[in-house]
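Q: Next come the chains, spelled out residue by residue.
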Amino acid sequence: MSLILNSKKNTLIVRVNGDFDLVSANEFRDKIDKSLEETRSQNLMLDLSKITFIDSSGLGVILGRYRRVKGNQGQVVIYGTKPAVEKIFAVSGISSLMTLCETEKEAWEFLDSKSFKGA
Amino acid sequence: MEKIINNKIKLEFMSLAENVALARITVAALVSQLEITLNDLEEIKVAVSEAVSNAIIHGYQNGPEGIVTLTALLKGQTLILEIEDQGVGIPDIKKAMEPAYSTDPERTGLGFVFMQSFMDEVKVISQVNSGTKVVLTKQISADFKNTAVS
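Protein sequences appear in the order of chains U and Y. Start counting the first sequence at 0; every next residue gets the next number (numbering that gives the first Met the number 0). Start counting the second sequence at 0; every next residue gets the next number (numbering that gives the first Met the number 0).
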């Protein structure tokens, strides 16, 4: 797995490439937590369009980051999920917990709507 | 004409997180000897990943010195997987299989839920301080053309 991290508009943007399993879960957790602190981002945006595999280990660290960001009054938005990933999300019930968008544009619209409400 | 394949593989590997991918890719390569839908293939890969991850995280408590044994038997359209460790064992199998039961807040506790959702049968045999064997069975769709277009 490889991660590309950027930050803008109070949001850490993470593009995840490759297999998201036990071996990559720790790397994901450590890098995201460090970057959330360093960039002082309140929100987290995950681009999962380049994920080739995900299991409950990958899901667990996404859920862990969700709890952390929510605890800090931030928002988590995910976009670009493919059918195999969507099925894992549906079986786990995460689909009803997190905001899933089709495109990056939609994800930004969601975050913008939240920040207006908060203003 | 239906292609009938009977095959068996046995793989032994150290309880390292890196070997989770090795296990699921090996099983994926085996079942790909049949005509298999992408859906079935993805489901099998997740189930293998969960069972092997459990052996490493829970069975061997993340210690790399344990040995995980994976046996995969292909009998016509039936896949039987056995994932075995000689780790700490599960004191309460029923509780361990409950959805969202986890001993770690960074984990979902959904490993067994995925195995049960994606395989036809999940059997767990475990003895404390002796080890755990998970047996996963799945009937792979023989009617490939129909399932592929549905």
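None of these hints come from the bench; they were simulated from the model. Predicted, not measured: the structure shown is a model, and the values here were computed from it. Be aware that one or more of the hints could be misleading.
To be verified - Simulated restraints on C-beta separations:
| no. | chain 1 | residue 1 | chain 2 | residue 2 | range |
| --- | --- | --- | --- | --- | --- |
| 1 | Y | Asn5 | U | Asn16 | 32 to 42 Å |
| 2 | U | Thr51 | Y | Leu10 | 28 to 38 Å |
| 3 | U | Glu101 | Y | Asn128 | 21 to 31 Å |
| 4 | Y | Pro90 | U | Lys8 | 46 to 56 Å |
| 5 | U | Lys8 | Y | Gln32 | 44 to 54 Å |
| 6 | Y | Asn6 | U | Lys30 | 37 to 47 Å |
| 7 | U | Glu26 | Y | Glu11 | 23 to 33 Å |
| 8 | U | Thr51 | Y | Pro63 | 22 to 32 Å |
| 9 | Y | Ile79 | U | Thr51 | 39 to 49 Å |
| 10 | Y | Ile66 | U | Thr51 | 26 to 36 Å |
| 11 | U | Gly17 | Y | Glu105 | 12 to 22 Å |
In this text, a Cβ means the ideal position worked out from N, Cα and C, and glycines have one as well.
Q: Now, for every hint given, state plainly whether the structure supports it.
A: Here's how the hints hold up against the structure:
One distance hint, 32 to 42 Å for the beta-carbon pair Asn5/Y and Asn16/U, holds here, with the actual separation near 38 Å. A hinted range of 28 to 38 Å is violated for the C-beta pair Thr51/U and Leu10/Y, which are about 21 Å apart. A hinted range of 21 to 31 Å for the beta carbons of Glu101/U and Asn128/Y is inconsistent with their spacing of about 50 Å. Take Pro90/Y and Lys8/U: their Cβ atoms lie about 49 Å apart, and the range 46 to 56 Å holds.
For Lys8/U and Gln32/Y, the hinted distance range of 44 to 54 Å is satisfied, since their beta carbons lie about 50 Å from each other. The supplied range of 37 to 47 Å is met by Asn6/Y and Lys30/U, whose beta-carbon atoms lie about 40 Å from each other. Range check, Glu26/U to Glu11/Y: about 26 Å between beta-carbon atoms, so the 23 to 33 Å window is met. Under the hint 22 to 32 Å, the C-beta atoms of Thr51/U and Pro63/Y, about 25 Å apart, fit the expected range.
The beta-carbon spacing between Ile79/Y and Thr51/U, approximately 26 Å, falls outside the hinted interval of 39 to 49 Å. Against the hinted window of 26 to 36 Å, the Cβ-Cβ separation of Ile66/Y and Thr51/U comes to about 28 Å, which satisfies the hint. A hinted range of 12 to 22 Å holds for the C-beta pair Gly17/U and Glu105/Y, which are about 20 Å apart.
Checked against the numbered hints above, the structure violates hints 2, 3 and 9; every other hint is satisfied.
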